[in-house]
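Participant: Whenever a hint applies, use it, and build me the whole structure from the sequences.
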Amino acid sequence: MEYLKKYPKLFQWLFLLAVFFGLCFAIDVPETYKFIRGQAEFIKDPNQSVYFFLGKEVRYYAFDVFWRLPPLLGWLPIWINDSLFFLMNEWLPMEFWNEDTQEFKTRPLLLQISRNLTSFMTFLIELIREILLGGLNTIVAFSSWDWIDANPWAELPGLPWTIVAAGATILSYKLSGKGLALFAGLTMIYISIFGQWKPSMQTLSFILVAAPLSFIFGLGLGIAAYKSKRVEKALYPILLVMQTMPQYAVLVPALVLFGVGDHAAVIITMVVAVPPMILLTILGLRAIPPEVIEAGRMSGCTNWQLMLKVLIPTARRDILIGVNQVIMVCFSMAVISAFIGAKGLGFNLLLALNQLNIGLALEAGLCISLIAILLDKMSLAWANKQTDYFGNLTFFQRNKNVIFFAASFVIGIILAYVGTFIFKGSFNYLFEIPHNKGISTADFWNKGVDWIFDTFFIYIKAFNTWLIQDVLQPMRALYLRMPAVATLVLAVGAGYLIGGIRSALVVCALTLFIALSPWWDRALVTLYMATFGVVISCLIGFTVGTLSFQNKKSAAFMLGICDIFQTFPSFVYLIPVMMLFGITDTSVLIAVVVYATIPATRYTIEGLRSVPVGLHEAATMSGVNKFQRLTKIEFPLAFPHMMLGLNQTIVFALFMVIIGAFIGTEDLGQYILKALSDKNGAGIGLTLGICVAFIGLIFDNLIRTWVNQRKKHLGIS
Amino acid sequence: MSETVIKCESVYKIFGENAKKMLEEANGNVDAKTFQEKGCIVGVNNASFEVAKGEMLVVMGLSGSGKSTLLRCISRLTDATGGKIFIEGQDLLELNNKELIDLRRNKMGMVFQSFALLPHKTVVENIAFPLQIKGTNTEDSISRAMEMVKLVGLDGRENYFPRELSGGQQQRVGIARSLAVEPDIWFLDEPFSALDPLIRKEMQDEFLRLQEKLQKTIMFITHDFDEALKLADRIAIMKDGIIEQLDTPANIVLNPATEYVRKFTEEVPREKVLVIEDVMDTSSKDNLGDLKVSKDEIIENVAEKILTQEKIVGVVDSNNNVVGSIKPSKIIDTVFGGRKDSN
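Protein chains in written order, with our numbering: chain V, 2 to 718; chain C, 2 to 344.
Keep in mind the hints are simulated off the structure, nothing from the lab.
This list has only true hints and no planted wrong ones.
Non-contacting residues of chain V with respect to chain C, defined by C-beta distances greater than 10 Å in every case (computed):
no.: 1; residue: A27
no.: 2; residue: L93
no.: 3; residue: E104
no.: 4; residue: L112
no.: 5; residue: L128
no.: 6; residue: G186
no.: 7; residue: A255
no.: 8; residue: S441
no.: 9; residue: F458
no.: 10; residue: F464
no.: 11; residue: C509
no.: 12; residue: V595
no.: 13; residue: T621
no.: 14; residue: H714
If we take Cβ atoms under 10 Å as the criterion, some of the chain C residues that face chain V in the derived model are:
no.: 15; residue: L78
no.: 16; residue: N98
no.: 17; residue: K99
no.: 18; residue: L101
no.: 19; residue: L104
no.: 20; residue: M111
no.: 21; residue: F113
no.: 22; residue: Q114
no.: 23; residue: A117
no.: 24; residue: L118
no.: 25; residue: L119
no.: 26; residue: F130
no.: 27; residue: P131
no.: 28; residue: Q133
no.: 29; residue: K135
Beta carbons: idealized from backbone N, C-alpha and C, even for Gly.
Facilitator: Okay, here's the thing in structure tokens:
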């Protein structure tokens, strides 16, 4: 009784667990239950039950309601699909002038808007692409095909790679200095001589359109939300869902709305990249001390001046993190959107992975990662650049970068011209090194992989078998063994114990959505994979973070590594694991673990760092040793921040689990991938995406509520 | 008295949803408690005063007394709920946005407690900021800013970022920035509160030196009574949004209007605050000894001389005319006597 009074929460949790397990044991697995046939598949089977809603037919296998809820939301994907089609193809037909055929044509409004938007995007991408690689579409846009036929010289020749490389180097030097310039130069040379120039420039042109547009939209909407509570309230739920929505899932509706190609990829990248930018903009603007704003206003700023010269620069730190995120997402999407026909490195990477040519995939992946790191560093340096008012510079000093670029421009052209004589009849390597004609280390890597396989096959196989048979299969079975009612009770109970009735209701709604969708079983599999990944990641991240925190230098070093790893597009993580473990669940899970360890490590270090120095000293003076200080002072105080890391770890893990569908899993991700090639896939893809997002949001809600309470309790909010 | 620069007529600032309506209903009789029960917080309660050209008015009060809110009403960083504010005869609350911006760009400067420097700009850029906002070209604004850098003694540090400066240096930048446009009216919101005592004293002296030179019209906010005594031409003491007393430092020390004000004055070393004129006897000018002291001398400086005299000491003005007298016993009485019980 005394314990009960002392630890009431503990007993409430124990009671909840007891109820959960009681329900698990009380409810038997129905004999007809089989995972793979699971719930609603869109096949006809006399054993299925049927209901009609909104004119849609939903077929499903009926079970005891306690075991699995019927898919009462089964009509939703079909309905979304039909609505999208209606909006695109039938809604509000209007007359539009058609430039090509010179006549009015009737088209639904939304289709017209979408076509205009896509042609605008296409123009932007083509413009940059043709500056870098040459071509004539841009010129055609301003003239006509007839004109081009009459004037064949008018095709843009494209820049020799030497000029682009020199330009990137000079720009980096201007922005940051020698270090970055060296990095930029080496990156460009690497890309070129490894024959990745063309796909790299295609990817770059895509990024150079997508990233600035995402930045502008994100910043603009962020400012709007900062200025108006109403806008913020309207945006917030969308932002929340988008934060945890897997990137795959948005691809499918984009297919329907914008078709296939680079332009659709840009738009969909914006959809994914804008929300974090908005959130970080709001966060940054909110954190500005009120006195700084007052100082700006007392200096006589107009509203515009206040925003541009005071607010945005002061919130620069958070906005820069936003830019970083935007670039990260753009590169991630550069790969993923290869699924909907974007050209460039991503396409090559997917192709190589599909052919199991690990060496080629590695080279493409390295290119993407290098460009990502380069752009990230350049944007950072640009934002931190300062002006020198007092340097008494000569004309040459002031304009040396322009002069150098002009010089390298001329030299590049001369080199390319000379090249036409040297490489007569073959490729002009001084102009552009064609794809597959550069140096390639692919064979080396492939042989290396083969060697690893041959040498360590037994061990890898043994590990693989052990993991799958003794760990993963039982774990998966356990998750699938949970009756729906028990899961619901557990989730809602946890919500109630952590955040009271409000949290309980939120969690209940989110869980019910998934439970009533046709994919509850798949969601459980997703959850099991994510759980496995999160647990291992947290163990590793927590240990590594704590260890490297013991020394200031190693902590900074570790954070640097986290930064670099975070810049890698998520798909790149699949390459090395496929190298080692081939096409198995083990590969996916290891990729998940590696990817999700990043936030776990980062937040551990940051959390420990945030413990005030005064407390360290107080602890040291009370005579604690290092270990006691860690367990008694640092962990309890850093714990809330570390829990936020757990939150991120879960989101990262879910993302990677879904991407892992590419290797072949049987969870929600696999269905999203399938929806990509389904002509009715838009609704399914979106609903599945929402399901994954909701899994993330359930944990997000619970963790955030707990952290806020805890912070208030510790007085560190 | 010379011309009035700032004039407030029963200014109210009440925070809350129905503040305006409640103020009208209260009919000039605002009671903080009843307002609070209805969910409104009274920031400034019926403040009326004037500040003359070249005068320094120090508003003193503890935190939450509404002194900063009053300052923000006068600089219109917040809109007053009721009352009228005139800046050089212009009705501040009637100004439209453009006129207000014009006023701030040319007439007003403000210094903040937490310095409020722009973190991404260097010292000289921070100081040049108000000029650049006005549209001054880069060269002129930077050279003007460099003058200001010299004025506040930060030469050699113009390319530092605020994060690289100490608190005192940061506030020098804040002061330089607020003076860059040569404003007539200077608002200072607890400018020295975040500084160490030694630095604070140094900055106060520096500030007096600047004011000697510039002769601005100043509203200075502080929670430090000693600081108020040291700097002020007149002091307004605020409590719960109400101005309890507005008077010269000497009058506040000698004749505190309320119990609240008296508590502040108790610990004040009077000999350092009062001048001879404040304590002299103007009625009798006879039987004077040889010693004559100026009426503007601070008591501390002449106390020793007076106390060694047997006879009554004469007090003279700047033209050496006798305007009053002072007995040595009066000095003792002023410094040591009548502290606890009211005079």
